[in-house]
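Participant: Produce the entire structure from the sequences given, and follow the hints as far as they go.
Read off the chains here:
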Amino acid sequence: MSETGPEPILSLSDLHTDIAQYRILEGVDLIVPRGQVTMLLGRNGVGKTTTLRSIIGHWRPRAGRILFDGVDITRAPTAHRARAGLGYVPEDMGIFTDLTVEENMVLAAVSAAPDPARLERIFAAFPPLKTFWRAKAGTLSGGQKQMLAIARAMAEERRLYLIDEPTKGLAPAIIATMAAALRTLKQEGATILMVEQNFAVARALGDRAAVMEAGRIVWSGAMAALAADTALQEQLMGLSMAAT
Amino acid sequence: MTAAPDHRPTFAQVALSDRLGAAAPFALIPVLVVLGFLAIGSSSSWLTLTVSGLAMGMMIFIMASGLTLVFGLMDVINFGHGAFISVGAFIGISVLIGLGGWTGAPSLLLNVAAVLLAVIAAMTVTGALGWGFERLIVRPVYGAHLKQILVTVGGLIVIEQLIHVIWGPDEIFLTRPETLKGAFTFWDAAIERYRLLAVVIGLVLFLAMRLVLKRTKIGLIVRAGVQNPEMVEALGYRLRLVFIGVFIAGSALAGLGGVMWGLYQEVITAGMGEQMMILVFIVVIIGGLGSVEGAFIGALLVGLMQNYIAFLAPTLALISNIGLMTAILMWRPQGMMPVVKAK
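Chains as they are written, first to last, in our numbering: chain S, 1 to 244; chain X, 1001 to 1343.
Since the hints were derived computationally from the structure, they do not count as laboratory data. Hints are supplied without guarantee of correctness; some may be wrong.
[Stated by the list, open to error] Think about it this way: if two alpha-carbon atoms lie no more than 30 Å apart in a straight line, the pair counts; the simulated DSS-like pairs of lysine-lysine are:
| id | chain 1 | residue 1 | chain 2 | residue 2 |
| --- | --- | --- | --- | --- |
| 1 | X | Lys1214 | S | Lys130 |
| 2 | S | Lys145 | X | Lys1214 |
| 3 | S | Lys186 | S | Lys145 |
| 4 | S | Lys186 | S | Lys168 |
| 5 | S | Lys136 | X | Lys1217 |
Facilitator: Shown next as structure tokens:
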């Protein structure tokens, strides 16, 4: 597969990350091209979340290198990575439940107060956030919390969004809302690296796909190629998920 | 796939029972005060004891507020906090003794100036001490509770012994500045001036802390950091720097508490902070780890309880606070207003 664009926004080379005595990542090589949505796929427990956590800096890799827009951030503090333009939506959403929706958004806009035009766009994508603006985030439903988690990542201009399973545990109607919002984000030119178990969503949003197995990337290429090849899906992910 | 149906809000506000449940701990204070009134009978004794209990509670709160935030933010158990109380008292009282001319004069202005200087000196030194303590003693043991207990208790002992080295082995007696001595009568009850001052300072401090925590960005970062430190970092904040700031502020507040407690008892010892830590820990635990409001309510309850019981049944005074802690933990096992979720 040929890479588009001159230089990728993010490249991981031979990344090894341990959690306690367990070797979770065993040499991840991954390239995330600019302006595209890259889907990180694979079975449970193969290291997808660990890969994202290593990129944002919650886990420190034992070996390997992370280049973000040409800069080596392998040893940089998490806060530096965020300020350099990484927006992160963790698997557990990381909502501050004791704070209001508004306070969550104020915190997410690191350098200044949230930009009103940006907020309007967020409200258009996720109307409940406007309705419950002053409610404690802990009182939101699961879907609304996920909306808030993504909205937080959108509160400022980011160069790369890291989104971990945004549709996990959500009702189908809410998944559609989430997918629509992510598609809008994509159309605005955002670069996204996303872990997604829902293959229908992954196929609809992804430009490229990378499939993990036992702590390594075992296949990467165009999403369309993976979507069209059920045998390949069967081989890589163990079950055909293209039914929907 | 179809789009989600139009959004229809299903609730306009939090249910009344939930809101009352959250505020219930605040109601404990008036309940305890009324119970105290019924048990004591004499309104003048009751008023004296209540003011005394509130004053004691406020001073405990000042010492506990920093500790609860330090625990909540970085999961650090700091037994060394007690040392800052003692050091604060010794520095502050030394300044007051040095300014004997000012404290002895029957001038409110000179007295207040002396106390203010003592407090500033104490808070500066304990704040700096806290900074060094975090760097040297706490930093290597983040994430390891057992080591934290051992190493901070070690730090406490070292600082206590240093107090003996600098100020000698004996306790130091002192007298309050002229205008803060004595009491006035109100509804037949004798109310010590100094206790009233302590109540006012504690209340102002609590309101100021609430304001900072609720209305400023740094307060937001602290509140969010207590809940989910990782996510605060992922949004781009150097939580470590914020935490060091909180550690320094908490140590400085312990110093303030030490000066105030020393002036209250009119005697200071190197071990005074260590003794206070028992009450401080009770307050932090019943308040709910990480909660400034919980610590405030807890401190007032402990102060009032101690004073009422000491009057009503002196033999029970020693166990009254443990009893209070047991009762509250049976009601709310994580404390009254826990911020840090059980891990």
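Participant: Would you pick out the hints that fail for this structure and give their numbers low to high?
Facilitator: none
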